[in-house]
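Residue numbers (the working numbering), protein chains in the order written: chain A, 1 to 119; chain B, 10001 to 10216; chain C, 20001 to 21016; chain D, 30001 to 30416.
Simulated from the structure, these hints should not be mistaken for laboratory data.
Any given hint could be a false lead.
Stated by the list, open to error - Computed Cβ-Cβ distance ranges for the label pairs, DEER-style:
id : chain 1 : residue 1 : chain 2 : residue 2 : range
1  : B       : Ile10062  : C       : Arg20802  : 43 to 51 Å
2  : A       : Glu87     : B       : Ile10062  : 45 to 53 Å
3  : C       : Phe20807  : B       : Val10018  : 53 to 61 Å
4  : C       : Arg20918  : B       : Ile10062  : 52 to 60 Å
5  : A       : Glu87     : B       : Gly10078  : 42 to 50 Å
6  : A       : His19     : C       : Arg20445  : 25 to 33 Å
7  : A       : Glu39     : C       : Asp20900  : 46 to 54 Å
8  : D       : Pro30269  : C       : Gly20381  : 53 to 61 Å
9  : C       : Gly20635  : B       : Lys10115  : 42 to 50 Å
10 : D       : Val30146  : C       : Gly20635  : 27 to 35 Å
11 : B       : Glu10143  : C       : Asp20018  : 50 to 58 Å
12 : B       : Pro10021  : A       : His19     : 25 to 33 Å
13 : B       : Gly10089  : C       : Glu20633  : 33 to 41 Å
14 : C       : Arg20802  : B       : Asp10123  : 32 to 40 Å
We put the beta carbon where it would ideally sit given N, CA and C, even for glycine.
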Amino acid sequence: MFLIYCPYCEEHREEEEFHPKGQAHIARPADPEACSDEEWGDYLFFRDNPRGIHHELWVHAVGCRKFFNITRNTVSYEILETYRMGEQPRFTAEYPEGKPAEKKSAAAKEVAQQEGVKA
Amino acid sequence: MSEQTATWYNLYDARPQVEVPAESPLAWSYHHSGRPAVGEKSRVVLRERDMAGHLILRGGAIVLDEAVRQVLGFGLPGRPNTLTRDESGERSVQWLSPDEWLVIVPGGEEFALEKRLREALGDAHTAIVNVSGGQTLIELSGEKARELLMKSTPYDVHPEAFPVGKGVTTVFAKANLILRRPTEERWELVLRRSFADYLYRWILDAGAEYAIGVEG
Amino acid sequence: MSQSLKQPNRLKEGGRIDRARRLSFTYNGKTYQGHAGDTLASALLANGVDVVNRSFKYSRPRGIVAAGAEEPNALVQLGSNEAAQVPNVRATQQALFDGLVARSTNGWPNVQRDAMSLVGKLGGRFMPPGFYYKTFMAPASMWMTYEKFIRKGAGLGRSPMERDPDSYDHLNQHCDLLVIGAGPAGLAAALTAARAGARVILCDEQEELGGSLLDSRELLDDRPAAQWAEQAVAELAECANVTLLPRTTANGYHDHHFVTLHERRTEHLGETAPTVDGVRSTRSRMHRVRAGQVLLATGAHERPLVYAGNDVPGNLVAGAVSTYIRRYGVVPGNRLVLSVSNDHAYRAALDWDEAGREVVAIVDARRHPDGELVEQARARGIRIIEGSAVIEAKGDKRVSGARVATIDAEAFTVTGQAETLACDTIASSGGYSPVIHLASHTGARPTWNEEILGFVPSLVKGVHAAGSARGVHDLAGGLADGMAKAREALTALGRSADAIELPRADVIREGQACALYQVPHEKPTLRAPKQFVDLQNDVTAAAIELATREGFESIEHVKRYTAMGFGTDQGKLGNINGMAIAARCLGKSIPEVGTTVFRPNYTPVTFGAIVGRHCRDLFDPERYTALHQWHVEHGAEFEDVGQWKRPWYFPRTVDGKKESMDEAVARECLAVREKVGILDASTLGKIDIQGPDAREFLGRIYTNKWAKLAPGRARYGLMCKDDGMLMDDGTTSCLAENHFLMTTTTGGAAGVMEWLELWHQTEWPELDVTFTSVTDQWATMTVTGPEARKLLGEITDIDLDRDAFKFMDWREGKVADVPARVFRISFTGELAYEINVQANYAMHVWKTLFEHGEKYGLTPYGTETMHVLRAEKGFIIAGQDTDGSVTPEDLGMQWAIGYDKPNSWVGKRALSRPDTRRTDRKQLVGLRPKDPSVVLEEGAQIVFDPDHAIPMPMVGHVTSSYYSPTLKSGFALAVVKGGHQRMGETVYLPMVDGKTHAAEIVGTIFVDPKGERQNV
Amino acid sequence: MQRYSGFGLAKHALSHHENWERQWRNPTPKKQYDVIIVGGGGHGLATAYYLAKEHGVKNVAVVEKGWLGGGNTARNTTIVRSNYLWDEAAALYEHSMKLWEGLSQDLNYNVMFSQRGVMNLAHTLQDMRDVQRRVNANRLNGIDSVVLTPEEIQEIVPVMDCSKNARYPILGASWQPRAGVARHDAVAWGFARAADALGVDILQNTEVTGFKIRDGRVYGVHTNRGDIEAKTVGCVAAGNSGVLAKMAGFKLPLESHPLQALVSEPLKPVLDTVVMSNHVHGYISQTDKGDLVIGAGIDGYNGYGQRGSYPTVEHTLQAIVEMFPIFSRVRMNRQWGGIVDTCPDACPILSATPVKGLFFNCGWGTGGFKATPGSGNVFAWTLAKNQAHPLAAPFSIDRFHTGALVDEHGAAGVAH
């Protein structure tokens, strides 16, 4: 059973609170009517299925109900990072140790997040 | 409140103005499963705080924080998974998600609160949803309350991980609920109406070895 | 029933048993005595019981071999009555309690004289590995008969045939450090972490914490090691941050340091859980532990040597001999021959000697053993036979002698003449295998360590191993290792722990062990007497050799072909020996042959403990509406819809006779069509939608248009997935300009809620809109029928005038003094009002309606009547009339598709794919059976040509079918290929009973096609 | 090939089993074959066997990265049935069922196919409609299938709780008497031995690292033991199909998920048939050795780890104890996970690909084991004739673009 860091609740929670929702970063074509049948079929059904680093969409179903992304190794099941919608992963198949350039901006983002609400 | 907001949202007081019989979500459970008496050996005590006012607020934190402060006299909790309360402890606001909070106030206050919040919010879009009939709040206390929770939820309820002032939505048995810890001795569980009987039966079953008693 | 009071093998003193407490127990119908602190195994040995079972395949007599979880033979059936039966209990792990009743698992008529043993003796030769695959094939028709006999002979214990009287529970635990195993390394680790203030859980599978310290010969701080263990446990017990769990087995290591610990809470007390203060205890408990770090201090299992006749009762592993003597005060025989490859095992001979019984000889495979323990044995005058091994045990139901010869282990040959030593016990040791099972569960492959001649665990991040579990077998080393690894673990958590003062242990110099697994015999393996590798599955060295000859070269193939390691012990004793034999046969090294993968569970776990409290009436939540009590009190029969209990129908009892469903439904239907009925519709999903972009969002998520829906109005909507297939439907009302109330199907509520959030959060975050579930907030009562207006008019202040409050309008007002939103939505085709009130007041409103409704003939109806009425009107039920392969067009609902909306709403693009454009798709139609008395079967398949041979081309099926009391006829909804173009055609429905029904394709609306009745 | 028989067994016993032959060779890869099958599981070995036996194509290599039969063949719950809802799926699985019925004799290897019947329980009114729909469809497709009442169910499975006070009472079931279970490992071994005897080279520990593709056509594979050439390559690699497709430069509509199963300790015979319940989520049968074999649901995330989530196991056992309260005191011995490659419509892909000469047979989801002989048979035909077998035609990759799915998720709702 996974232990998953929810980037919105900002703490680790048990897998029982989450649902996996397939591959992350699948954008719906901007103009579906302009898509060929082939392109539409690809969008609907064709997914990466890597052995190794994979980006997944999950939802914190029993919790904050927010969707977010997980970078996870599909063999070891190690979770390398979780990140909010709209953000890009640091760990990718190309950069299994993390993209060097983005480390700084990720840190900056964290500071921004912590400011949050002025209580 | 501006005239426009009045046409934007349906403001609606669901509570009758005259006295009519009301039933908490646990009415059937009390009837059907009974209420074991609280006795000397009871190491867990359950008490329902029924008929309270429950509101869900959804929107931007900064705007809402100001409105809530203005109306309730205290602000939104600043961190995830925490709650703020007024001095009496009867009114609380709990973080549910980055744009969602649960407000619990004494029964009957919720509609006035909703109206005043709407006024304070002006044109800012915020959803306020009255869910007072859809859920109820129970309290668990006693030396074995924490162990009973450990039987039921995978969330860590150790004081280190769950200090006073914390509140989370989590898995409980095969349902989910909101679990909060307003004071050192007391745990609060917010149950959804339709799951209330299942959860009540679960809690009685899990609490049997602690001679659980139900107050009221 | 006979009785035995003597315990011939019990020592006068020693052991950790409570001699003052005598317990009596029954084994195979005979009553024996033991003591508190005994296991069933130690008590049986104390009583001189040699044969405890018959083997699985060959029915050979078997005795106790080990003292713990690795025991392969001593499996018993526990329980004095049917409901208390527990099959396959390992006697070495079952604490003795007074009144325990056990039988051996195999053996008929009894273990001493077993009928099947003849088959084993004679037929054993005809049962090489894989023999089933090679025979029983002719004639083909006989296989099921052969199989019956094979099944009868197989299996170990038997399932109870009555319901379990006990209950079980779970406890969710969280800790910084989970320490598994409370031997020297585990105790040192737990003390280190506990003193540093960390949250620690320490568990051990044995009855008492202490592990090997409990039967150690060694001293700690000049006192028996067990005393230090007691002191350490006492200190830990005082720590608020420490949870101690004896009798608790870590049975599975799951992802991210989630470990399940099975605590046997009462199995040492009786066969069923005791009642304390009127409350029955749970029999066992599963701790679901989420640990920050895990330390495996699981020790090692001793490997026996594989020699001929090594399964005859009286053959034990050396360490077990010490355990029985030192922990239980039991010597399992009189005359011992010890066959070893290492120094460590000499302890067994020293203990035996000290117990006052004869050590015939120590047979050491090494040419020049010279460690301290060897010297001690020599000093006592024990005969040591060097460069040799026991090559064969003699005896039938008990060892009678050991054939000993010099061997060349590397060349795998016997080099000298065998000598037979008279003895009744042979103990052997081929080395020690770290218990790597839990580490292996994580997916990490163990690696072979040539120095310790064993696999050591590979560890994923956050897992640590200490002591024997990673091959550090000496006491001082184990203690130090436990402390060091605990400190490492806490450092990894960002904490720290100081070093603690460890007790002083003597360092015993041990000589190098030699590699010995299978002992050579004068005869080649295939011809030698059976040399057992896996005792539980009767797998011999010859079987492994044969498997490799037949081309099974991967260790996984060998295991599967021979069944090695597939027993309830998962090959704890035998696997490494089996791999070594396979390696020898294949001319490879052990690591080349492969590693073995262990899976949970470490030892078997009761289903009940895994199930916990989630059984019986807590198996799955039952969801109730606010009106549940009324339904129960009015005799409703309930239908399961998702987790909801919905009233299905309300049978009446007239003159003592209860209506059938058909009778009740006919009455309820007519009541609605002719008078007025009421339905509890509270289970429908309800979602409150607010925001400036709410309308835009609806326009994108629904297939139809929402731009112009005015406040006060409601509209029916269809929701598709992006593949164009219908997903859910329901009405949505405009409460105010930026405020909507959506309804969903009962079963679809949670899914739709998540669906809305998915699209909002991932695709259209720019839309300012929020969704809140209000399913539980509102109770919904549908009052419907010609008299509905009159009835409702009596108790509401809402103007119900047909022009003031039109069909598909909603109004707010009071009903029975309770604020209500009333929706003129009809799912029955009749005049209908859906009254929504805050659920706490629902019962009051419902009862008030009945107070006023009697004169109108107000009739409660359930889901079945609702279905009939809606089907008469051609209204679909998503999930019944659709199945994930039906588009709105297939349903003939083009009127609800906004082809010209400005956005490409969800599902639109998919409707223009080649397959969705086909005109011969299965389309929703009505069916009228030619014979009006026929109610077609739901699920009946439709054909055009009923005379076609099988396989018969099918063109659709019946999705909904009922008898209509209004039409006085059966009628149905169905999907038919190209159905929309086939109105008036006849189709056929061939049924199981051989009959074929004919039906006419008609429109889907059977009653009031113009919709006048709902619009009055 | 030595023929196996009871008499032969006795003869070998007298010579101390010293003269048994290898069941298959351990050949050195040739440079070139007519056909390469990638994947030495049940389906791949069956494909090779039928290529050699029925199409005379004997110069065939089966390339397996580990040990043969080591994937899902070794890790499934061994259920064999053909009572699928849709015509296309039913035809394919019934074709397979007919091959199962003579398989032991055909292969001269007892695969212990035990036709003890499979029961799919219905617990809700919608379940019942689905059962009736499927049974009616099965019968018109010539597949044995009946609807059982609770009383009939109780008679076949006396140890199950068929009472009305269960949380989800059993309302009925579908029942396929010809369905049953088989000895999974033996299926792989039997096909391997028979294929080997016909000349097929089974290359174990040989991993495909890439495809040789030129001008849109395949002409061989790269492996860790060197390049091997062939103009026709069939990939039958289950969970690893996606990885292979990526090597060949295209995507498949597949996701690989963990599917868990577990066994109890061996028990004396107590359950004589296969019982499946989709509603409470569990299925169970008893092996000839006495273990209760219990299947769990698919985990929702992608995974190649041969492990799944523990709560899945908990829920499965809750369902089993709900149906069989007497098993509460029985103990679970072992659990494991397979990797199932699933298509969006829960049906397989038996298809040509954008690369000429390269074919894929995958996406069997939870239906793989029962399809083994049929899948191999149909795929062999497809490879030999370079065109889709009529039974394979509906399962082409194209369907995910045209929309012509064969949606077994739908009303069938029956997996495994």
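Could you tell me whether the CB distance from Pro30269/D to Gly20381/C stays inside 53 to 61 Å?
holds (56 Å)
Per the hint of 25 to 33 Å, is the separation of the Cβ atoms of Pro10021/B and His19/A within bounds?
Check failed, 40 Å falls outside 25 to 33 Å.
Okay, Glu87/A versus Gly10078/B on CB: inside 42 to 50 Å?
violated (22 Å)
Tell me if the beta carbons of Gly10089/B and Glu20633/C are separated by a distance inside 33 to 41 Å.
At roughly 38 Å between Cβ atoms, Glu20633/C and Gly10089/B fall inside 33 to 41 Å, so the hint holds.
Cβ-Cβ distance between Val30146/D and Gly20635/C: within 27 to 35 Å?
holds (34 Å)
Does the Cβ distance between Glu87/A and Ile10062/B fall inside 45 to 53 Å?
With Cβ atoms ~21 Å apart, the hint is violated.
Hint check for Arg20445/C and His19/A - Cβ pair distance inside 25 to 33 Å:
Given a distance of about 31 Å, which is inside 25 to 33 Å, the answer is holds.
For the pair Arg20802/C and Asp10123/B, does the Cβ-Cβ distance stay inside 32 to 40 Å?
holds (38 Å)
Between Gly20635/C and Lys10115/B, does the C-beta distance stay in 42 to 50 Å?
Distance hint for Gly20635/C, Lys10115/B holds at roughly 44 Å.
A range of 46 to 54 Å was offered for this pair. Does it hold for the Cβ distance of Glu39/A and Asp20900/C?
Because 23 Å falls outside the window, the suggested range is violated.
For the range 52 to 60 Å, tell me whether the beta carbons of Arg20918/C and Ile10062/B fit it or not.
At 54 Å between Cβs, range holds.
Does the Cβ pair Phe20807/C, Val10018/B satisfy 53 to 61 Å?
violated (31 Å)
Hints 2, 3, 5, 7, 11, 12, counting from the list given before, are not met by this structure.
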